[in-house]
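Letter by letter, the sequence shown follows residues 1 to 287 of full-length UniProt numbering.
Hints were generated in silico from the structure; no laboratory data involved. Computed from a predicted structure; not experimentally measured. Take the hints with a grain of salt, since some may be wrong.
What the hints assert, rightly or not - Per label pair, the in silico range of CB-to-CB distance:
1. A115 x Q179: 41 to 51 Å
2. V81 x S216: 18 to 28 Å
3. Q179 x P121: 45 to 55 Å
4. V81 x H267: 29 to 39 Å
5. A108 x L65: 23 to 33 Å
6. K119 x L92: 33 to 43 Å
7. L150 x V176: 33 to 43 Å
Built from N, CA and C at the ideal position, the CB exists for glycine as well.
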Amino acid sequence: MIWLETLIQGLLLGGLYALFAAGLSLVFGIMRLVNLAHGDLIVLAAYLILGIGTAMGLNPFIAALIAMPIMFALGYVLQTVLLNRVLGEDILPPLLVTFGLSVVIQNALLQQFTADSRKLPVGPIEAQSLSFGSVNVGIMPLITFASAILVILCLNRIFYRTALGRAFRATSDDPVTVQLMGIRPSRIFAVATGIAMVVATIAALYLGARANFDPSIGPARLLYAFEAVIIGGLGSLWGTLIGGLVIGVAQAFGAALNPQWQILAGHVAFVVVLLLRPRGLFPRAYD
1 MIWLETLIQG LLLGGLYALF AAGLSLVFGI MRLVNLAHGD LIVLAAYLIL
51 GIGTAMGLNP FIAALIAMPI MFALGYVLQT VLLNRVLGED ILPPLLVTFG
101 LSVVIQNALL QQFTADSRKL PVGPIEAQSL SFGSVNVGIM PLITFASAIL
151 VILCLNRIFY RTALGRAFRA TSDDPVTVQL MGIRPSRIFA VATGIAMVVA
201 TIAALYLGAR ANFDPSIGPA RLLYAFEAVI IGGLGSLWGT LIGGLVIGVA
251 QAFGAALNPQ WQILAGHVAF VVVLLLRPRG LFPRAYD
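Hey, can you work out the whole structure from these sequences and the hints?
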């Protein structure tokens, strides 16, 4: 039963990592952009939720609903004003720009909120759990996992069942030809980044509800997101979910064996998958 509970806790933790990675996978799949500021944008969204909730006296879940359109607008503006200018065949300019953006966000948050750790007060639900025989499962981890699946379902539906999704896929395949059909790639890219920021806000809600956060934790979240995306296979949203679950389960079993091995176990799982499947478990393009 101990190992069964460890497996379940690892899967639920993997749901959080999948939320970290979904926005990153979305942006990479459409415009081949590696956003090194993704983790810091998640932390920024967590502070935004905290600020809205504190200022208006709202529950973090309600505050997150208000933060989502704000983060969408931020993503749209960032892509339009900054990132579209550096997209091209050379991957170095976007890397440098997003790295600089990461540094700016971290220092701005540090200046505004100091290095003190914060947490989103979600109320009694934080400590509540459900019992399945001799296995206890926290309600917040369950909600996080369900949200991860729902987000992946919604993103897949957008991509394969809507006109916007067809524009995403066409622009990803050939951004030059789609302009003949009246589609502006720069606008499509901006919308994609906006949607990625909405997903990042959902990830920020559960990050802040389940653990403390401070301005410096963005790079670690980016690392987990990268590993989940690469394990799952670049361009596969369902693969991203599986990648997050692999990391979560590896960390859970590593912690069960030795608390000091938790983070290391996730990285080891990442390396093992790369050795066996260099292109990830489910490599796929948005076609």
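Verdict for A108, L65 (Cβ pair) under range 23 to 33 Å: Since the Cβ atoms of A108 and L65 sit about 24 Å apart, the hinted range of 23 to 33 Å holds.
Distance restraint evaluation - V81, S216, Cβ atoms, bounds 18 to 28 Å: Because 26 Å falls inside the window, the suggested range holds.
Consistency of beta-carbon spacing, P121 to Q179, with hint 45 to 55 Å: Given a distance of about 48 Å, which is inside 45 to 55 Å, the answer is holds.
Status of the given 29 to 39 Å range, CB of H267 versus CB of V81: Given about 35 Å between the Cβ atoms, the range holds.
Verdict for K119, L92 (Cβ pair) under range 33 to 43 Å: holds (37 Å)
CB-CB spacing for Q179 and A115 relative to the 41 to 51 Å hint: With a Cβ separation near 47 Å, A115 and Q179 satisfy 41 to 51 Å, so the hint holds.
Range hint compliance [Cβ, L150 to V176, 33 to 43 Å]: This hint holds: roughly 35 Å between Cβ atoms.
Checked against the numbered hints listed earlier, the structure breaks none of them; every hint is satisfied.
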